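Student: I would like the entire structure built from these sequences, with the hints used as guidance.
Protein sequences, first through last, are from chains A and B.
Take 129 as the starting number for the first sequence in the numbering used here and just add one per residue.
Take 129 as the starting number for the second sequence in the numbering used here and just add one per residue.
Because the hints were derived from the structure by calculation, they are not lab data.
On a predicted model such as this, the values are computed, not experimentally measured, just so you know.
Built from N, CA and C at the ideal position, the CB exists for glycine as well.
There may be inaccurate statements among the hints.
To be verified - Selected chain A positions facing chain B (Cβ under 8 Å, derived; list incomplete): (1) Asn133; (2) Ile134; (3) Leu135; (4) Ala171; (5) Ala173; (6) Leu178; (7) Ile202.
As the list claims (entries may be wrong) - Label pairs and their in silico Cβ distance ranges: (8) A:Pro206 <-> B:Phe141: 23 to 31 Å; (9) A:Thr243 <-> B:Ala140: 33 to 41 Å; (10) B:Asp216 <-> A:Glu238: 44 to 52 Å; (11) B:Gln144 <-> A:Pro206: 30 to 38 Å; (12) A:Val236 <-> B:Glu166: 50 to 58 Å; (13) B:Gly165 <-> A:Pro206: 32 to 40 Å; (14) B:Arg187 <-> A:Val235: 39 to 47 Å; (15) A:Pro199 <-> B:Gln185: 39 to 47 Å; (16) A:Ser146 <-> B:Phe141: 31 to 39 Å.
Stated by the list, open to error - Below 16 Å or equal to it, Euclidean Cα-Cα: the simulated EDC-like pairs (lysine to aspartate or glutamate) are: (17) A:Lys130 <-> B:Glu201; (18) B:Lys130 <-> A:Glu152; (19) A:Lys130 <-> B:Glu195; (20) B:Lys130 <-> A:Asp192; (21) B:Lys207 <-> A:Glu152; (22) A:Lys137 <-> B:Glu189; (23) B:Lys137 <-> A:Glu201; (24) B:Lys130 <-> A:Glu189; (25) A:Lys130 <-> B:Glu234; (26) A:Lys130 <-> B:Asp192.
Protein chains: 2
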Amino acid sequence: MKVINILEKYAAFEAQWSPRVIAELNGQQVLLAKIQGEFVWHAHAEEDELFHVVKGQLRMEFRDRIEVVNPGEIIVIPKGVEHRPCADEETWILLFEPLSTKHTGEVVAEITKSTYPRI
Amino acid sequence: MKVINILEKYAAFEAQWSPRVIAELNGQQVLLAKIQGEFVWHAHAEEDELFHVVKGQLRMEFRDRIEVVNPGEIIVIPKGVEHRPCADEETWILLFEPLSTKHTGEVVAEITKSTYPRI
Numbered sequence: 129m130k131v132i133n134i135l136e137k138y139a140a141f142e143a144q145w146s147p148r149v150i151a152e153l154n155g156q157q158v159l160l161a162k163i164q165g166e167f168v169w170h171a172h173a174e175e176d177e178l179f180h181v182v183k184g185q186l187r188m189e190f191r192d193r194i195e196v197v198n199p200g201e202i203i204v205i206p207k208g209v210e211h212r213p214c215a216d217e218e219t220w221i222l223l224f225e226p227l228s229t230k231h232t233g234e235v236v237a238e239i240t241k242s243t244y245p246r247i
Numbered sequence: 129m130k131v132i133n134i135l136e137k138y139a140a141f142e143a144q145w146s147p148r149v150i151a152e153l154n155g156q157q158v159l160l161a162k163i164q165g166e167f168v169w170h171a172h173a174e175e176d177e178l179f180h181v182v183k184g185q186l187r188m189e190f191r192d193r194i195e196v197v198n199p200g201e202i203i204v205i206p207k208g209v210e211h212r213p214c215a216d217e218e219t220w221i222l223l224f225e226p227l228s229t230k231h232t233g234e235v236v237a238e239i240t241k242s243t244y245p246r247i
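Tutor: What follows is the structure in structure tokens.
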């Protein structure tokens, strides 16, 4: 039950596309990630995923449209929906998702991380 | 999959101690609340609860100590732990908790809300 300062946690790592776990509750995890560029197209068959933008700008691509998410904004991706997170500048995102969620769903790419460090 | 702007959602209500639902995912809900003063002592037998401070200052009281939570900070209350959220000034909090979570646990007080409006 320690207080977690989000910006201090972001200061503790630099790697992009490499989520860090900052909290776990109810079988869910809270992740921080720094992203820039284009991720891979993927979906999570059983997990909904929440993205909360802290800094920068997230361009969430769907097969039929794009949603732009700015700091202080949230988007929820329902399970099964293909998406591709992209960011022109380095963007800091906070994610809520089940512990079972795989980084790139059933897609395995060079960018895929199989485990997330706890910070 | 609409973008949710957190500050716009806060602008849509004034009532204190009256959480609003802004998103649901994986059997969990994301709530916004405006709080000021002292809540009631309570615990949630089966649910962990995450508090994220957006504005103001949350004073989370436990039976043996107090944790001060400022904007940009998070605290997770594990299930079964008695707590009392308090705030001297109006404070805006974002909560992440299971859909089953009761406002004041098994305690029923005048302040207790049995349902939360979706905004």
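Student: Looking at the structure, which of the earlier hints fail to hold?
Tutor: When the structure is compared with the hints, numbers 4, 5, 15, 18, 22 and 25 turn out to be violated.
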